[in-house]
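Enquirer: These are the residues of each chain, in order.
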Amino acid sequence: MSSTTASKTLQAILPGDFSNEDFRRAKLAEIDASCRTPVLFFFVSGLLWLLAGTLFALVASIKLHTPGFLAGWESLTFGIVRTVHLNTVVYGFCSQAAVGVAIWLMCRLCRVPLVAPGIVTVANLFYNVGVTIGIGGILAGDSTGIEWLEMPRYATPILFVSYALIAVWTIITFRLRAERHLYVSQWYLLAAVLWFPWLYGTAQVMLIIEPVRGVVQAAVNWWFAHNVLGLWFTPIGLAAIYYFIPKVIGRPIHSYYLSVLGFWSLALFYNWNGMHHLVGGPMPAWMITISIVASVMMLIPVLTVAINHHSTMIGHFGKLRHSPTLRFIVFGAVSYTLASLQGVLSALRSFSEVAHFTHHTVAHAHLGMYAFFAMVMFGSMYYILPRITGREWPSNALISIHFWGVAIGIVLYVVVLSGAGFQQGRMMNDPTVKFLDVVKFTIPYLQIRTASGLLMAVGHVAFFVNFGWLLVRMFAPYRKPVVSILAGAEIASPSGK
Amino acid sequence: MSYGPLLFLGILFTLASSWVGLVLMPQRQLGALGQHTDTNTAAIYPQARGGEAQQGAEHYRALGCVYCHTQQVRPEGYGADIARGWGRRRTVSRDYIHDKPVMLGTMRTGPDLTNIGERQSDYSWHYKHLYNPQITSAGSVMPPYPFLFETRPIGPTGPSTNALALEGAFAPAAGHEVVPTLRARQLVEYLRSLKSSGDLPEAPLKKEEAQ
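In order, the protein sequence lines correspond to chains A and B.
Counting in our numbering, the first sequence runs from 1 upward without gaps.
Counting in our numbering, the second sequence runs from 1 upward without gaps.
Treat each hint with caution, since some may be false.
Covered stretches of chain A, as calculated for chain B (at least 3 residues, CB under 8 Å) [to be verified]: (1) 105–116; (2) 233–245; (3) 344–358; (4) 430–436.
Treat the hints as calculated values from the structure; they're not laboratory data.
Please read all numbers here as calculations on a predicted model, not as lab measurements.
Idealized CB from N, CA, C, for every residue including glycine.
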């Protein structure tokens, strides 16, 4: 089980002329193979939730400009379908993709084959049962009504068990690591898996099991909801970026010290940001001010990480053309910087006066969750899947459709809704403009949003087909073409036709 | 930075700090906030909701109304909330002590509802608006809620007293009527109960309005 024994066996099997490089590669292949089943479970179930979430997103988007669409179905009313969309993509897709990527990165960076696969499998099973019950509950009208925590109380303890198991597994792997040096990605991964169960557990107790009084609920709500992005998705996304950029271009990260500064400043400031969602709200001013200050301080980790990643990439941008992983990851890294800068701006009182309560905020959320996080997850999957399955991606064309569909879709989405949302806010702040005129102003932009959603849906379907095709190849017997010495012609191996 | 224990301590300390600052401190400051009794009039504010309205809050939550309607009035001079007539004063923490969950909202696809009970107390307006918003607010993107109403044949004793007065394209088939279900009645009671306009020391009403 432990890696040292595994290394010894490997050396015993392959004695003699055995270079370090060969040994390293064999070791990585062994680690990758050990991750196959658990990581595939997370990726496949995550992807199925993504498809469901995309469908709900489209229904919600159409309803917002054509309110009569499917209006007779209670479970598909806008307030429910929008919530189901958020929960399927955030908890169904993003979290599962994140855990899959985190497991694989942790094994690779600790240089140990996956230990205790039982824990990971049980975590996955619990997780999907939990999300299914939670989504069913929301559809049935049992939503808690608390943003980002809508899943009813009979579903969330199951999810909590799952997060706790992942944390336990990560600590075990960390303790058994064969590589003593800790890479920056490991700091972020370790932090994320420890932070999240704590956040989730606290929010559940203080909001659902034993709710606190009045607006303290709003404080806990936004402390949690902002940290879902800040302390769960962001660290895992950054861990992946820190790993894949140097890996794909074959050069070390630009600066170790910037990495340290970026990590600790993120850990210090991000978790104080939440109250900027309540600017102008019925809270004491100190709470909101403290979060605005922390939001501005986020410039330090964001710019540090941006400089570090950009300086690593300099001179290697040509590689974007050949590596789908790099294309998605760099797209995500740039979006992270943009989303964070937009976040700093949105936290300021003067900007929030206009942009708060509008589609500008919706665009910002998608810039963070999709253009940054989901794109980084796609990029990571493009790298990880061929290595754990031992098969190449079947279709380059499908990869291109995926990338361009989602890239054009999300850029259109964010640009159009950011601009329209800001104008919507200006109109709302002018009391001479009738409210219904503000509503009518937004409709054409909401229609463009549906079009951008369709583009992203096409990308997701392309990814799904390519992924399914890869899995079919994995289960089909491997047919290596054999060259006949007699005819010089290529014939199939006996297992084929 | 390859020292595991230092990393662990840092991870735990950072989140603990914001938990103390943004969760524990607000709880200490606001967690025991109670009703206010006016020393002159002996009026108690805010009052808890009645049973029907409280049931209605559950439908408001379940149907996700909060995703398009806020329940918070920003201060004068910050946004146009007061100028739009959404409230006579800003809302403060005390306004929300009875709410479980608190539904402040973050999006104004529709108007703020903090004081909808003051702005619009007409039952039939609310029923028509919920049945199909186009009747009362043409061009709105609010979804219709036909499932909160029952369309049924008119009985032998004639139309029900609570049947909606629908005209033109919105009218049901001949010989039929549309009546609100229990849920619609509870939801409208809740909407009519939404009033955050008590005169509080921390959020006083303007003199002429308070009297």
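Enquirer: All the hints need checking, so say for each whether the structure fits it.
Expert: Status of the hints after comparison with the structure:
Given as covered by chain B, the stretch 105–116 of chain A fails the check, having 0 residues with a CB less than 8 Å from a CB of that chain where 3 are the minimum. With 0 residues bearing a CB less than 8 Å from a CB of chain B, the stretch 233–245 of chain A misses the requirement of three and the coverage assertion fails. Restraint check on the stretch 344–358 of chain A versus chain B: 5 residues with Cβ-Cβ distances below 8 Å, three needed, restraint holds. A stretch counts as covered by a chain when three or more of its residues have a beta carbon under 8 Å from one of that chain; for the stretch 430–436 of chain A and chain B the count is 4, and the coverage holds.
In summary, the structure is inconsistent with hints 1, 2 from the numbered list given earlier, while agreeing with the others.
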